[in-house]
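What follows is each chain in one-letter form.
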Amino acid sequence: MADALTTDIIAKIKAHAEPGGEEITAATELTALGIHSLELTEIIFDLEEDYGIEIEMNTVDAWANLKNVGDIVAAVRALIAKKA
Amino acid sequence: MRNRVVITGLGGICGLGTNASAIWDGLRSGRSAIGEVTTHDLHNLKVKVGCEVKEMPDHGIPHRQTVSMDRFSLLAVIAAREAMRQSGLVEGDADSYRMGAVVGVGICGWEAIEENYRALLLEGKNRAGIFTVPKVMPGAPAGQVSMDLGLRGPTFGVTSACSSANHAIASAVDQIRLGRADVMLAGGTDAPLSWGVLKAWEALRVLAPDTCRPFSADRQGLVLGEGAGMAVLESFDHAKARGAEILGEIAGVGFSADASDIVAPTVEGPENAMRACLADAGLNPEDVDYLNAHGTGTKANDMIETKAVKRVFGSYVKDLSVSSTKSMHAHCLGASGALEMIACVNAIREGIVPPTANYREPDPECDLDITPNTPRERQVKVALSNAFAFGGTNAVLAFKGV
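As given, the protein sequences belong to chains A and B, one line each in that order. Going by the numbering used here, the first residue of the first sequence is number 1, and it counts up by one from there. Going by the numbering used here, the first residue of the second sequence is number 1001, and it counts up by one from there.
In short, the hints are calculated from the structure, not lab data. Don't take every hint at face value.
To be verified - Okay, derived cross-link-like pairs now, BS3-like style, lysine-lysine, Cα gap no bigger than 30 Å in a straight line:
#, chain 1, residue 1, chain 2, residue 2
1, B, K1048, B, K1310
2, B, K1046, B, K1240
3, A, K14, B, K1125
4, A, K83, B, K1125
5, A, K12, B, K1046
6, B, K1054, A, K14
7, B, K1381, B, K1310
8, B, K1046, A, K82
To be verified - Quick list of the computed label-pair ranges, beta carbon to beta carbon:
#, chain 1, residue 1, chain 2, residue 2, range
9, A, A27, B, R1177, 51 to 59 Å
10, A, A74, B, D1093, 43 to 51 Å
11, A, A74, B, A1119, 39 to 47 Å
12, B, L1122, A, T31, 47 to 55 Å
13, A, L5, B, H1063, 51 to 59 Å
14, B, G1124, A, E54, 48 to 56 Å
15, A, D3, B, G1092, 44 to 52 Å
Note that the Cβ used here is the ideal one computed from N, Cα and C, for glycine as well.
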């Protein structure tokens, strides 16, 4: 069962993904989402605003360092913990 | 002997239809697609008249591709795909490094500008959309067409306001003539039906309140439209060698600048561009059967264009069929010359001169045979297509049958 943060992040990704695609879970590879790499970066910027965190990476690194949806969740969770 | 450049595919999308044959059906029957703009949010604008693509066709371009495209790029890619399909060329058939794209753009990707300044200035968002830069840039449609069709040869955008498409097509012709490419996708695109663009045009007081009536004494100005037109241009030898159906030939191109005023046209500029085009094509004025006029429907343009045409064609002008198809597809800025290419190529193929729609009253200062309201059947061996622009940047193309 996905926690609230995972559910929220998947919902944000879904809004950008091709409709009618496969179900998105924490294990879904980012390359399988059919989302343009810049768009994924924009999703990360949205998360920064929503959670009041700062993700230190430029747009290239954002794509290069994250492999699946769970990686995004983990990165955001760690930054939220650091802030608290 | 220079390379001959032929047309082996046409594609188009505008208010008249979402493919080139639907557009030609509208043009040859004299149907104007100008009307109230209902699918774009124009906010507090006074002028609500335009020529819009009411519904996008089912283009099948995946989301990860469309997300990076402004509307003018999407229109260009839809038209380019159609032209490519008609040409019979498929990716891998020819050397992709010998295939390129030149796309004329009069403005830029204004949809993204509009969305962003509204979000930032009115809605208080604190960052711009991440695709804003690649969406807005005037070179985007050419890049998107090359990505979509896998073209790895000469690829760039061309801009000269209302004559952009003719300059783009001529520039693509040059790539083939110079031996840099065998196949070029060429045309133009623009999507100007947004608040910011129309607000600026409104300030110029050149927009017609009802419709576009080129050469009619009661004309009140131009109407803006959106669209794209694209052609597959190919060296004659390349097209022949693969047994392609040849739709027409680009016989010549002619350029000039007014070097006078940023908005007011001269007679000499357009005159010299037409003369240069005829010279490049090795044609005499009497060889031309049909002239697709720039014909914007403004008082000044139509009167000055009439004078320039009479200077070039002399006593033969009485035998020259003229029309402004902007009366039907409106002025689509960077796409205009490309849509008018669809008119010229088909006029030659079918022997039908598309009319000037919405015409009501003769104007002694516009006394050309402008084919009022009703199409005319006549043999068209050669068609000329005029494009003039703010900035005084003139470009004329000559088409002929093969």
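Checked hints:
1. For the hint linking B:K1048 to B:K1310, the alpha-carbon distance of about 35 Å lies beyond 30 Å, and the restraint is violated.
2. For the proposed pair B:K1046 and B:K1240, the alpha carbon gap of about 52 Å is over 30 Å, so the pair is violated.
3. With a C-alpha separation of about 22 Å, the suggested pairing of A:K14 with B:K1125 holds against the 30 Å cut-off.
4. For the hint linking A:K83 to B:K1125, the alpha-carbon distance of about 23 Å falls within 30 Å, and the restraint holds.
5. For the suggested pair A:K12 and B:K1046, the alpha carbons sit about 38 Å apart, so the restraint of at most 30 Å is broken.
6. Restraint check: the Cα-Cα separation between B:K1054 and A:K14 comes to about 28 Å, which is no more than 30 Å; the hinted pair holds.
7. At most 30 Å may separate the alpha-carbon atoms for a hinted pair to count; B:K1381 and B:K1310 meet this at roughly 20 Å.
8. For a cut-off of 30 Å, the pair hint linking B:K1046 to A:K82 is broken: about 54 Å separates their Cα positions.
9. At about 55 Å, the CB distance of A:A27 to B:R1177 agrees with the hint of 51 to 59 Å.
10. The beta-carbon spacing between A:A74 and B:D1093, approximately 47 Å, falls within the hinted interval of 43 to 51 Å.
11. The hint said 39 to 47 Å for the Cβ distance between A:A74 and B:A1119, and at roughly 30 Å that hint is violated.
12. For B:L1122 and A:T31, the hinted distance range of 47 to 55 Å is not satisfied, since their beta carbons lie about 36 Å from each other.
13. At about 25 Å, the CB distance of A:L5 to B:H1063 disagrees with the hint of 51 to 59 Å.
14. The hint said 48 to 56 Å for the Cβ distance between B:G1124 and A:E54, and at roughly 20 Å that hint is violated.
15. The given range of 44 to 52 Å is respected by A:D3 and B:G1092, whose C-beta atoms sit roughly 48 Å from each other.
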